[in-house]
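*Asks:* Residue strings, one per chain:
2 protein chains.
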Amino acid sequence: MKFGLFHSVQLPDPTRQQEYYEEALDQVLWAEQLGYESVWFTEHHFSRHGIVSSTFSVLSYLAAKTSDIRLGTAVTVLPFHSPIDIAEQTATVDLLSNGRLDLGVGRGYQWGEFNRLNIPMDEADRRFKEALDVLIQGWTSKVAFDHDGEFWTFNDMTVHPKPIQRPHPPLWVAASSQPSMDRIAQNGWNLLIGQGESFARVGEQINYFGSAVGESGSAFDPYQVTVARAMYTHKDKKQVREDSEVPFMWFKETSAEVGAPPERRGELLPENFSEYRRRFSATSSVDYEEMCENVVLFGTPNELIEKVQLLSDLGVRKIILFVNYGGIESIKVKNSLDLFAKEVMPQFQD
Amino acid sequence: MKFGLFHSVQLPDPTRQQEYYEEALDQVLWAEQLGYESVWFTEHHFSRHGIVSSTFSVLSYLAAKTSDIRLGTAVTVLPFHSPIDIAEQTATVDLLSNGRLDLGVGRGYQWGEFNRLNIPMDEADRRFKEALDVLIQGWTSKVAFDHDGEFWTFNDMTVHPKPIQRPHPPLWVAASSQPSMDRIAQNGWNLLIGQGESFARVGEQINYFGSAVGESGSAFDPYQVTVARAMYTHKDKKQVREDSEVPFMWFKETSAEVGAPPERRGELLPENFSEYRRRFSATSSVDYEEMCENVVLFGTPNELIEKVQLLSDLGVRKIILFVNYGGIESIKVKNSLDLFAKEVMPQFQD
Numbered sequence: 001m002k003f004g005l006f007h008s009v010q011l012p013d014p015t016r017q018q019e020y021y022e023e024a025l026d027q028v029l030w031a032e033q034l035g036y037e038s039v040w041f042t043e044h045h046f047s048r049h050g051i052v053s054s055t056f057s058v059l060s061y062l063a064a065k066t067s068d069i070r071l072g073t074a075v076t077v078l079p080f081h082s083p084i085d086i087a088e089q090t091a092t093v094d095l096l097s098n099g100r101l102d103l104g105v106g107r108g109y110q111w112g113e114f115n116r117l118n119i120p121m122d123e124a125d126r127r128f129k130e131a132l133d134v135l136i137q138g139w140t141s142k143v144a145f146d147h148d149g150e151f152w153t154f155n156d157m158t159v160h161p162k163p164i165q166r167p168h169p170p171l172w173v174a175a176s177s178q179p180s181m182d183r184i185a186q187n188g189w190n191l192l193i194g195q196g197e198s199f200a201r202v203g204e205q206i207n208y209f210g211s212a213v214g215e216s217g218s219a220f221d222p223y224q225v226t227v228a229r230a231m232y233t234h235k236d237k238k239q240v241r242e243d244s245e246v247p248f249m250w251f252k253e254t255s256a257e258v259g260a261p262p263e264r265r266g267e268l269l270p271e272n273f274s275e276y277r278r279r280f281s282a283t284s285s286v287d288y289e290e291m292c293e294n295v296v297l298f299g300t301p302n303e304l305i306e307k308v309q310l311l312s313d314l315g316v317r318k319i320i321l322f323v324n325y326g327g328i329e330s331i332k333v334k335n336s337l338d339l340f341a342k343e344v345m346p347q348f349q350d
Numbered sequence: 001m002k003f004g005l006f007h008s009v010q011l012p013d014p015t016r017q018q019e020y021y022e023e024a025l026d027q028v029l030w031a032e033q034l035g036y037e038s039v040w041f042t043e044h045h046f047s048r049h050g051i052v053s054s055t056f057s058v059l060s061y062l063a064a065k066t067s068d069i070r071l072g073t074a075v076t077v078l079p080f081h082s083p084i085d086i087a088e089q090t091a092t093v094d095l096l097s098n099g100r101l102d103l104g105v106g107r108g109y110q111w112g113e114f115n116r117l118n119i120p121m122d123e124a125d126r127r128f129k130e131a132l133d134v135l136i137q138g139w140t141s142k143v144a145f146d147h148d149g150e151f152w153t154f155n156d157m158t159v160h161p162k163p164i165q166r167p168h169p170p171l172w173v174a175a176s177s178q179p180s181m182d183r184i185a186q187n188g189w190n191l192l193i194g195q196g197e198s199f200a201r202v203g204e205q206i207n208y209f210g211s212a213v214g215e216s217g218s219a220f221d222p223y224q225v226t227v228a229r230a231m232y233t234h235k236d237k238k239q240v241r242e243d244s245e246v247p248f249m250w251f252k253e254t255s256a257e258v259g260a261p262p263e264r265r266g267e268l269l270p271e272n273f274s275e276y277r278r279r280f281s282a283t284s285s286v287d288y289e290e291m292c293e294n295v296v297l298f299g300t301p302n303e304l305i306e307k308v309q310l311l312s313d314l315g316v317r318k319i320i321l322f323v324n325y326g327g328i329e330s331i332k333v334k335n336s337l338d339l340f341a342k343e344v345m346p347q348f349q350d
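Just so you know, the protein sequences line up as chains P and H, in that order. Reading the first sequence from the start, the letters are residues 1 to 350 in my numbering. Reading the second sequence from the start, the letters are residues 1 to 350 in my numbering.
Hints in this document: simulated from the structure, not taken from any laboratory. Because the structure is a prediction, the values reported are computed rather than measured. One thing to keep in mind: the hints can contain errors.
Chain copies aren't distinguished; within one or between two, either way the pair holds.
[Stated by the list, open to error] Think about it this way: if two alpha-carbon atoms lie no more than 20 Å apart in a straight line, the pair counts; the simulated SDA-like pairs of lysine to any residue are: (1) K142 x Q17; (2) K65 x L25; (3) K142 x L11; (4) K252 x Y288; (5) K65 x N98; (6) K2 x K142; (7) K334 x D148; (8) K129 x T153.
Bound-form chain P, shown alone:
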C-alpha cells in the first residue's frame, strides 16, 4: 500500500496564520523523510476552515523543498477558476517538480465559497465539466484550439508551459455517485474517495468503480483509487482521544459552519480555538466514537493496523492521511506521523 498526506492549514487562532503555514509545511518535509509518498493539499477560501487558497503556490514552494514526494491537490475546485489559469498553474508545478503533480479536481460543495464568489451552486456541475474539458485540451492539444462554452470562451488557444508528465498529470476526480464514477472510468481518470465516507461505503465504491473500469474495457488497477482518512495515533489509547477529539470536532464544525447556507446555519463557533475547547462538551462524543468505529483512523498502532487491514481487504491500496485538523499541536502531529510510519506502514509493504 501507499501512504500519503491529505493536508491542509486551518486558522484556529486568527493571529497565527504564518505559524500554521510553517508547521504544515514542516510536517510535509517530515513526512517525506519518513517515507510517505505523497501530499495532497485541499483548496479552501474565505474562512478559518482552510487558509490554503492558492494551492499551486504552496505546491511550487514544496517542489523546491522536497525531492521525491508527489505533490497533489485534493481537490482543486474547478468551478472557481478559469480552466486556462489552472492549465498554466498545474503545468508550472509539474515542470518545477519534475513531473510530481497529481491533480485532484472536484465541483465544490461549500455554500460560503460559492456565495462569496457570486457563483450559483447549481452551475457547479456544468462548470466542472466545461472546465475539465478545456483543461485537458490546454495540457494536450498540439494545435491552437477555440472554445466557446457556457462559462468560458477562448480563441486560437495555446498554453505554455506544457506539463512534464505525458499526456498530462494524473487526474483524480472526487466522486461518490455511480454516474460520476462511470464517467471517470470511461475517461481513464482516477477516483478520489473522501474522508467522510464510512469504511463500508469505501468498499462499495471501490467495487462499483472497479466494475465500471472493467466495463469501459480497461483492466482495473487498484492504485487508481485514493482514499482519504483522518488519522491520529499514539501508544496510549486515552491520549489518542485526548489529543484528537476537540481539534477534529472543531474542524468538522467549522466545515459545517462555512458549508451551509444561512438558513441552515447554527450559532457561530467562538472566534478562538481555546474558547471552543473551553466550551467543548462531550455531548458530541457519540459522534467521535461512531467515527472511530466506521470512518476515521484514530487509535493505537495496533488498532490502526486492524483498520488499515480492513481497508486493504476492501481493495484500498492508496490512503492519504488527514492529520492537521487545526488546534492540534504540530509536535503531536509529527509524532503521530512518525509512529504510524514505524508501526503501521511496515505491515502493509507492497
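Dock chain H against the given chain P, drawing on the hints supplied.
*Replies:* Okay, now just chain H, sitting in the frame of chain P:
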C-alpha cells in the same frame, strides 16, 4: 543604487522549455549570490515570447530556494485575472517568502493575449482599475466587504491568507502617461518604467512623477521608481554585440509578433531560433546601435558605468536588468551578471 533582475523565460527552441526554466531559475540564485537585491518576473501567455504564465508559482518556488532577494512581478496583468485570485496568490507568496513580495501591475498590451482570452482590449483600463480596487480591499479590509462592479461581483468577502507586509506588499504600477503617474502619486504607489523608454524619457518621467508626488503632499523618495533596462556586458566590445544582438532582436521581434493584431502583423518568424539566427541580417543593426545609444545597457563595463551614471544623474536609484532574452546561452548571462556585479555595481554603492 539598487540593482535587480527583470526576468523572463522565452522559448526559442520549442522542445526545451524545462531547460529554459532551469537556466532562468539558476540565474536568479546566481544573482542573489552576487548581491542583486531583487528579481521581477514578467507574466506572459500563449506564445514563445514568454512562458512564465504562472508568475506566483515561480515566485513561490524561489521563495523556498532563496533567502534575501526580493521577489516581484513586472507586471501582473490585472485585466486577465480575478482580483480575488490575485489577492490570494500574492498573499501566499508574501507569506511563504516572509514578506519579500513586490507586486508590479499593469493593463496588458499584447493583442494576442487579449484575443486568446476573449477580452476586448478596450476594457483593459476599466478592468485594471476595478481589479486594483478589489485587490487592495482583499489584502487590507478588516471586515467582510461586498463588491458589485462592471466585471466582478463578490459578496461578504474575506481573503485568506493575509500578506505579511502591512498594510500590503509594495505596489508598483507600470505607467508612462501623466494622468497615470498622477494617480500613482496620489495613491502613494510606486512607479515602474519600462525597458523600452529612452534614457531621455526616463528622466522626463522621473521628473514628472517626483513633482506629482510632491503635489500629492508627500516627500518624493527616488526609490519609489524602478527602471527596467536590457543589459549585457563583456570586457570585449566586439563580443558584446556578437552575444547580444541576435538574441535581443529575436526577443523584440517575437514581442511585435504576438503584440500586434493580424492586420498589422508581418511574416511569422521561423519556429526555431537557430533558423532565425541563420537568416538574421544586419539590416536591423541600425536599431541595435541606436538602442545602445539611447535605451539599453549593452557594452563593456566602462561603457556601462557611464550609462548607469547617466541614469543616476537623471534620478534613477533602482534598476532591474533584463538579461535572459532567449537564444543567449545561460553561461553568457551568468558571466555578464558577474561582471556587472564586480565592475559596475561597486561604483554606485548607496
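*Asks:* Look at each hint and say if it fits the structure.
*Replies:* Quick rundown of the hints versus the structure:
1. Taking the closest pair of Cα atoms, K142 and Q17 come within 20 Å of each other only across two copies (15 Å); inside a single copy the shortest separation is 42 Å, beyond that limit.
2. In this assembly of identical chains, the alpha carbons of K65 and L25 lie at most 20 Å apart whether taken from the same copy (9 Å) or from different copies (14 Å).
3. Taking the shortest alpha-carbon separations for K142 and L11, only the inter-copy value of 16 Å comes in at or below 20 Å, while the best intra-copy value is 43 Å.
4. Taking CA atoms no more than 20 Å apart as the test, K252 paired with Y288 passes inside one copy only; the shortest distance there is 11 Å, against 64 Å between copies.
5. For the homomeric pair K65 and N98, the shortest alpha-carbon distances inside one copy (13 Å) and between copies (15 Å) are both at most 20 Å.
6. In the homo-oligomer, the alpha carbons of K2 and K142 never lie at most 20 Å apart, since the shortest distance is 34 Å inside one protomer and 43 Å across protomers.
7. Neither within a single protomer nor between protomers do K334 and D148 lie at most 20 Å apart by alpha-carbon distance, with minima of 48 Å and 44 Å respectively.
8. Proximity of K129 to T153 under the C-alpha cut-off of 20 Å is restricted to the intra-copy arrangement: shortest distance 14 Å within a copy versus 23 Å between copies.
In terms of the numbered hints stated before, the structure departs from hints 6 and 7, listed from lowest to highest.
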